[in-house]
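A.B. asks: Each chain is listed here by its residues.
Protein chains: 2
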Amino acid sequence: MNRKFLVVPVMAILACSGTGSADQLSSWTDGAAKSAIIDFVDRVTDPAHTDYRPVDERVAVFDNDGTLWAEQPMYFQLVYALDRVRALAPEYPEWADTDPFRAVIADDREAIATFGMPELMAIIGATHSGMTIPDFRATSRAWLDSARHPRFDRLYRELTYQPMVELLHYLRDNDFQVWIVSGGGIEFLRSIAEEAYGVPPEQVIGSSAQAEYRDDDGRPRIMKLPQLGSINDKEGKPVNINLHIGRKPILAFGNSDGDFAMLEYTTTGDGARLGLLLHHDDPEREWAYDRDSHIGRLDRGLSEAAVRGWVVVSMARDFGVVFQAE
Amino acid sequence: MNRKFLVVPVMAILACSGTGSADQLSSWTDGAAKSAIIDFVDRVTDPAHTDYRPVDERVAVFDNDGTLWAEQPMYFQLVYALDRVRALAPEYPEWADTDPFRAVIADDREAIATFGMPELMAIIGATHSGMTIPDFRATSRAWLDSARHPRFDRLYRELTYQPMVELLHYLRDNDFQVWIVSGGGIEFLRSIAEEAYGVPPEQVIGSSAQAEYRDDDGRPRIMKLPQLGSINDKEGKPVNINLHIGRKPILAFGNSDGDFAMLEYTTTGDGARLGLLLHHDDPEREWAYDRDSHIGRLDRGLSEAAVRGWVVVSMARDFGVVFQAE
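Going line by line, the protein sequences match chains L and C. When you line the first sequence up against my numbering, it's residues 739 to 1064, in that order. When you line the second sequence up against my numbering, it's residues 739 to 1064, in that order.
Since the hints were made in silico from the structure, they are not lab data. These figures come from a predicted structure and were not determined experimentally. There's no promise every hint is true.
Which copy is meant is left open, because identical chains are indistinguishable; a pair holds if it fits in one copy or across any two.
[As the list claims (entries may be wrong)] Straight-line alpha carbon distances no greater than 16 Å define the calculated EDC-like cross-link-like pairs of lysine to aspartate or glutamate that follow:
1) K772 x E904
2) K972 x D846
3) K972 x D954
4) K772 x D761
5) K972 x D953
6) K972 x E950
7) K972 x D1037
So that you can see chain L by itself, here it is in the shape it has in the complex (with noise of 0.2 Å):
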């Protein structure tokens, strides 16, 4: 028998099918999380298992803001619109003197702290439309390849969080299909997505405006438009992930309250489900909020998660590295 014959069809097949291995995971600790991910995915990737589901059931979903990347002091894609207002004031002279508008160019924090949602809806309402889908992804990959985070002197882009990183890498090598459902702008959220987590465009859910399909001057676009569309958030979560999946996740990951519906959808039913939440619990290298948060606020998830069966990640000890090395 010719060695080198044995060897290459095997590194063949792997480079086909699943070749996720636990060791992906080297920035989780050693802890009841770590194990109890690996259990669920061993599980339903032996074909020998009861637990086992084909590779088309393998359907995994993940917030973003505060599951896969930071969401404090602010939503990054507020931060966005806000500079976007900044940016685009000598445009409209006339936002001088219109409240939000105003608070946001005199840089008003008082104002700004007690904005509704009237106010981010007008504010996101003049910044995220009017533009193709194209140009507004542009515009918004150009402010993460630029914006800098207040604490941390980084990119905003760079506070993803490596373990969730390389979470999602360990499951498509198992054969899962990982989709962002985030409460977040699709569009925004597709200029970054690919290179920051591997997910494809068509693997995005998120909130989204109306559009409209123009083609009266020889240039077929799609254009955003002010008013909205979807907003992915709480029990919108379950619905579009059907009207855009039309599978139920087997796996859901989120980190507020946002995300519960979405974890009582993907963990009730047949076969085995694994739901998980983020409690971000560590304010030296991150945040620390949950029960009294306006942002990412995790109340009924966290008093429900043990009978629930959900499990708690603790990102001060389960995660051994919070963001990507500098």
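On the provided structure of chain L, position chain C as indicated by the hints.
C.D. replies: Same frame as chain L, now just chain C:
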């Protein structure tokens, strides 16, 4: 050099990536349409060709009614809806006196023939809502597994076009993502798309109703509502292609002016692109209709195809076989 050593990795590579061969298109006659398809696929999959496209850009979109399966004398889903009205009538005695339901129950074909959008919406709303997604799919599927087409006395689901099914396989084997982008209902299609076409639920785009997540009784579920969500026709097609796929396709195949915007969007822009229209010109084996048809009207597309470089596929000449063998 060991000869086996050379053969094995080549076979292994073929198992991983593009194995599509023109031999798969055996139900197409040799002619301009088949040549245009093969030539396009050869160019975009040849790394040495200037038209080469990496795998992630190989996105192909297909209309369903009249493109992948027949649509005469009535859209199959509409036949389903009318059958559902009759099946549900005993539960709704008031329908016997209430149009449009009365006309359907009484089989008043004259009245049915006058139905416009309001009547159809009332019928779709009444028959396509008030159940969970899995229940709706099961009901659709049971109908597709039993209802027979009046002209051919075959199951409606068997009236897929054999050359088109071959084309979907050929494209997938050349590492294309194949999406269905139908004016029909997304959940109706998902009940059959994987089996009929090999298209998984996450690659089906269609018209949709609004939906609601409910967890009031410990059985979390998504309910279909009667309110319209999105009409996936005409300009709605490129908008929903962007929402679901987030990339511009490079190949689009339709059969009516409802597909015009999808073809226009797909075939404008950089690089090699292919638009195709199936022309129903075969009254013996199928039907002949185009500019004056109420169903699947093809007028502007037929007029502009030559100038736009779209391939008009003649069912009479280019399809060696129309439907799968009985």
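A.B. asks: None of the hints should be skipped; say for each whether it holds.
C.D. replies: Hints, one by one, checked against the model:
1. K772 x E904: Classified as within; 12 Å inside a copy, 45 Å across copies.
2. K972 x D846: neither (31 Å within a copy, 46 Å between copies)
3. K972 x D954: Intra 38 Å, inter 15 Å, cutoff 16 Å: inter-copy only.
4. K772 x D761: within (11 Å within a copy, 48 Å between copies)
5. K972 x D953: The answer is between: 12 Å across copies meets 16 Å, while 36 Å in one copy does not.
6. K972 x E950: between (26 Å within a copy, 11 Å between copies)
7. K972 x D1037: Classified as within: same-chain Cα gap 13 Å, cross-chain 45 Å, threshold 16 Å.
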